[in-house]
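Enquirer: Work the whole structure out from these sequences, hints included.
Protein chains in written order, with the working numbering: chain S, 1 to 215; chain Z, 216 to 382.
Be careful, since some hints might not be right.
Stated by the list, open to error - Example chain S residues on the side facing chain Z (calculated, C-beta under 10 Å, incomplete):
hint: 1; residue: Ala48
hint: 2; residue: Ala68
hint: 3; residue: Asn70
hint: 4; residue: Gly104
hint: 5; residue: Tyr106
Think of the hints as simulated: they come from the structure by calculation, not from any bench. By construction, the Cβ of each residue, glycine as well, lies at the ideal position given by its N, Cα and C atoms.
Here's the letter readout for the chains.
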Amino acid sequence: MNLSIRGFLRTAAFLALAACALAPAASLARAATDTDQWIHIRVTSKDARGEVVRVNVPIELAAKVLPAINKDQLHDGKIRIDSAHMEDVDLHVILDAVRTAKDGEYVTVQSNENNVRVSKSNGVLYIYVTDKEHPKKASKDDAAKGAKSSESVETKVEIKVPMKVVDALFSAGKDELDLVAALRALSAHGDTELVTVKDAENDVHIWIDSKNTAE
Amino acid sequence: MLVLAKVALGLGATLVMTTAYVFHEGVIRVDVDEHHRGGEHVHFWVPATTVSAGMRLARLAPQHLLEQAAVQVKPYLPVLRTLATELQKYPDAEFVDVTDPEEHVHIATVDGKLHIDVLDDEETVHVQVPVETLMDVADRLEDAAQSAGEDEWHARHAKHSVALASE
Numbered sequence: 001m002n003l004s005i006r007g008f009l010r011t012a013a014f015l016a017l018a019a020c021a022l023a024p025a026a027s028l029a030r031a032a033t034d035t036d037q038w039i040h041i042r043v044t045s046k047d048a049r050g051e052v053v054r055v056n057v058p059i060e061l062a063a064k065v066l067p068a069i070n071k072d073q074l075h076d077g078k079i080r081i082d083s084a085h086m087e088d089v090d091l092h093v094i095l096d097a098v099r100t101a102k103d104g105e106y107v108t109v110q111s112n113e114n115n116v117r118v119s120k121s122n123g124v125l126y127i128y129v130t131d132k133e134h135p136k137k138a139s140k141d142d143a144a145k146g147a148k149s150s151e152s153v154e155t156k157v158e159i160k161v162p163m164k165v166v167d168a169l170f171s172a173g174k175d176e177l178d179l180v181a182a183l184r185a186l187s188a189h190g191d192t193e194l195v196t197v198k199d200a201e202n203d204v205h206i207w208i209d210s211k212n213t214a215e
Numbered sequence: 216m217l218v219l220a221k222v223a224l225g226l227g228a229t230l231v232m233t234t235a236y237v238f239h240e241g242v243i244r245v246d247v248d249e250h251h252r253g254g255e256h257v258h259f260w261v262p263a264t265t266v267s268a269g270m271r272l273a274r275l276a277p278q279h280l281l282e283q284a285a286v287q288v289k290p291y292l293p294v295l296r297t298l299a300t301e302l303q304k305y306p307d308a309e310f311v312d313v314t315d316p317e318e319h320v321h322i323a324t325v326d327g328k329l330h331i332d333v334l335d336d337e338e339t340v341h342v343q344v345p346v347e348t349l350m351d352v353a354d355r356l357e358d359a360a361q362s363a364g365e366d367e368w369h370a371r372h373a374k375h376s377v378a379l380a381s382e
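Expert: Here's what the structure looks like:
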């Protein structure tokens, strides 16, 4: 009787040990919570192939991985801006002016070629650009080849950025953009649309939500 | 009879434990099918533990190949390590999906394994690697890169000492 109990206990102990060993270590790691924010990018091509690209990245993952990449202008999660290309425009001064200004529409440009609207409302910066590409007149060579003039093409860009994200982006200093700080600010902001671009070739959609798959 | 039973129990338990250990990290699976005439068909799976253990055992063998590889990938090791650590937090997620009539690329984690699937007209590739194994590989390569760096330092130091002595 004693022997059978001892045997049972031994077998049970072995089975328990085996179960511990079999338990995947991945399950011991902290699983992502439902509140984690994901940045989604979807590009849909309008050509005959109809290519669709979907990229989903947890913001937390991006914020951890970016500082590990040190290449060219990117280092420690920051991008160095070449001041030579800024043409004496002080972005910080402009940003400060926008931040302290009241809500409203700051820039409105309407022309035959494009419309641009920049506005701020409830701590969110909105940029709308509509670019109209008019059909070019067919050249003599094209006409000789029987080519038709291209059709009118319109590109629509809508960008929506919370001001806190813009602040975080410019928090690194004069010649740097702090991508990691911007990502963390985005994560804290919650679900939001960021960029929509529609043109003749592609639809681009960038947004943030807590789902780990694209729609 | 009792002795035989004890031996059988011991062997059985050892077998269970060994199997449990070998498979505790999961399995690495690779399937490659080239669709053209005479194309390669590669299908294999290995317990992920054997990769980790194999890289540890490589310490006993001549290290120059591992160190050479480690030095080449050294700039990317921090990214690999961080990525592997973070991916463990997302055991079931879809990261990339590219679809067009001729090609489908899919990168996701399923049950803690990184799945990379590429399907196109020319070939089909399926790779499954436990995320934990990526960590192990990054660790081993970091060790090897460090060891290569130390060897290089010792070689330079020895050369410098010889030069000083000859002066």
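Enquirer: Would you mind marking each hint as holding or not holding in the structure?
Expert: Hints versus structure:
no., hint, in the structure
1, Ala48, "9 Å, holds"
2, Ala68, "4 Å, holds"
3, Asn70, "8 Å, holds"
4, Gly104, "40 Å, violated"
5, Tyr106, "37 Å, violated"
This entry does not satisfy hints 4, 5, going by the numbered hints stated previously.
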